Amino acid sequence: MGLNTRIIVHIMGLLLLCNGSFMLLAAFVSGIYKDGATLDITLAAIVTMLFGVMAMFYTRGHKKEVKRKEGYIVVTFGWIIMSMSGTLPYIFSGAIPNITDAFFETISGYTTTGASILDDIEALPAGILFWRSLTHWIGGMGIIVLAIAILPLLGIGGMQLFAAEAPGPVGDKLHPRITDTAKRLWLIYFGYTVAETILLKLAGMSLFDAMNHSLATLSTGGFSTKNASLAYWNNQPLIQYITILFMFLAGSNFVLSYFAFTGKVQRILKDEEFKYYSIFIVLFTLTAFLVVYLRADVAVSNFHPMVWGEAESAFRHTLFQVVAIVTTTGFVTADFTSWTPFLTVFFFGLMFLGGSAGSTAGGIKVMRHLLIIKNGLLEFKRTLHTNAVIPVRYNEKTVTEHIVYNIIAFFVLYMLLFIIGSLVLGFLGLDFVSAIGGSASSLGNVGPALGSLNPVSNYNGLPNLGKWWCGFLMLLGRLELFTVLIILTPYFWKKT
132 MGLNTRIIVH
142 IMGLLLLCNG
152 SFMLLAAFVS
162 GIYKDGATLD
172 ITLAAIVTML
182 FGVMAMFYTR
192 GHKKEVKRKE
202 GYIVVTFGWI
212 IMSMSGTLPY
222 IFSGAIPNIT
232 DAFFETISGY
242 TTTGASILDD
252 IEALPAGILF
262 WRSLTHWIGG
272 MGIIVLAIAI
282 LPLLGIGGMQ
292 LFAAEAPGPV
302 GDKLHPRITD
312 TAKRLWLIYF
322 GYTVAETILL
332 KLAGMSLFDA
342 MNHSLATLST
352 GGFSTKNASL
362 AYWNNQPLIQ
372 YITILFMFLA
382 GSNFVLSYFA
392 FTGKVQRILK
402 DEEFKYYSIF
412 IVLFTLTAFL
422 VVYLRADVAV
432 SNFHPMVWGE
442 AESAFRHTLF
452 QVVAIVTTTG
462 FVTADFTSWT
472 PFLTVFFFGL
482 MFLGGSAGST
492 AGGIKVMRHL
502 LIIKNGLLEF
512 KRTLHTNAVI
522 PVRYNEKTVT
532 EHIVYNIIAF
542 FVLYMLLFII
552 GSLVLGFLGL
562 DFVSAIGGSA
572 SSLGNVGPAL
582 GSLNPVSNYN
592 GLPNLGKWWC
602 GFLMLLGRLE
612 LFTVLIILTP
622 YFWKKT
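Residue numbers (our numbering): 132 to 627.
Derived by calculation from the structure, the hints in this document are not laboratory data. Since this is a predicted model, take the numbers as computed values, not measurements. Heads up, some of the hints might be wrong.
Each computed SDA-like pair below joins lysine to any residue, with the alpha-carbon atoms no more than 25 Å apart [as the list claims (entries may be wrong)]: (1) K200 to K406; (2) K406 to L425; (3) K401 to L376; (4) K626 to I138; (5) K406 to Y536; (6) K625 to G202; (7) K505 to H533; (8) K200 to N135; (9) K528 to L509; (10) K401 to R315; (11) K395 to T529; (12) K357 to N589; (13) K165 to L155.
Label-pair distances were calculated between CB atoms; the ranges are [as the list claims (entries may be wrong)]: (14) V520 to L400: 25 to 31 Å; (15) D250 to V520: 27 to 33 Å; (16) G192 to D250: 47 to 53 Å; (17) Y536 to K395: 27 to 33 Å; (18) Y164 to W624: 45 to 51 Å.
Ideal Cβ positions, reconstructed from N, Cα and C, are used throughout, including at glycine.
Model the full structure from these sequences, guided by the hints.
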């Protein structure tokens with residue numbers, strides 16, 4: 132049977148229609164602040180929606196069935212189409228006139244990476260800044276639905292493990308009741324965003340800054356309205372603690388939030404991934420804090436040097452950076468690469484951890500690390516007891532060999548892509564530290580990297596080909612590798 136191309140094009144049209152609607156929201160914000168970009172953003176919205184309506188109109192007689200092949204194509208090309216149309220507000224307004232730069236900024240937004248090519252963020256019109264933050268929020272909202280409702284059905288990267296925990300259906304096809312799952316999770320996502328906006332406003336941010344940073348936090352994106360990122364508020368600890376809390380929530384499985392709001396607290400306490408996710412953050416924070424606090428020659432912030440003797444300041448900065456990197460949010464309160472060589476390597480390692488499965492975080496994910504470690508330890512037992520059947524267990528349930536192999540394959544592919552990504556960036560002229568940092572950060576959707584791409588710098592210095600390459604790595608990482616890579620294989624396109 133061939134591909135149902137009409138349903139693919141129809142869904143693409145729907146995505147463009149949604150994207151254009153969000154652009155109108157950005158145009159509305161632009162109009163409120165009278166920043167001069169209102170007509171440009173509105174025009175971008177109209178063009179985007181026009182293409183969307185045309186695509187939906189010409190495919191209105193489609194068969195309403197999405198199978199696995201169509202699912203892979205919709206997910207991958209959906210993100211690409213969104214990113215391509217999302218460049219229009221930047222290009223039409225002249226905020227980022229270069230197509231390469233505009234696409235990099237946009238795909239960095241939708242993949243919630245947060246890497247930027249902008250040198251002066253604060254010079255942008257309010258409507259463009261809001262659109263920039265919205266790309267994060269749209270991408271984060273989309274990835275929740277992917278992770279909870281769609282990827283398990285496609286058998287992607289071991290995502291089947293928590294599929295049974297999701298408040299929705301699991302089956303061989305994309306079920307209409309997936310919309311029920313999406314509605315519940317979007318409501319939580321939206322609720323968290325509103326709650327953080329209110330709290331940040333009460334803590335001293337302007338309403339505009341609070342909205343933008345909430346959109347970026349819940350999506351684990353990292354775009355800020357300030358050149359100094361969250362370091363702009365280094366003298367207002369409450370703002371940073373609120374951001375830490377919501378970064379932590381965004382990096383945890385959103386299904387657990389659903390359980391919390393429905394009174395199933397025991398399900399959260401028994402969840403292995405959440406337990407280790409929390410333990411890792413505590414241990415990593417204490418490690419970094421001790422190094423920072425005991426080294427009196429370390430400046431915790433390049434913007435507001437901390438007063439030594441104030442343990443709270445050292446603790447806050449280390450906690451913030453650990454949570455920002457682990458959850459792949461990428462907000463910055465300090466340049467951790469300037470602390471000590473040990474901490475530079477330490478934070479580089481954290482880029483490979485990732486948050487929880489079913490969260491908006493990028494990276495490998497805590498769940499996969501746990502299962503790889505468990506399987507590795509069980510190999511010792513299997514070596515001694517060759518005839519024994521010793522399965523991997525997760526959340527007191529047996530994990531099938533298929534899922535274990537899937538996760539091992541994911542990990543091997545991830546590390547291979549990191550190496551290839553580093554080699555390409557090195558070939559394009561980046562030094563060793565910048566190349567490995569840029570590759571790890573792009574693939575993990577982290578944002579800040581090492582070397583010339585450090586937390587207080589940006590990606591503007593990359594050659595054009597390097598920007599496109601990093602954008603590709605961002606897409607790979609955001610869509611769990613297999614989703615994109617399988618489309619690049621010849622047998623995917625063979626008729627079955």
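Against which earlier hints does the structure fall short, listed by number upward? 1, 2, 15
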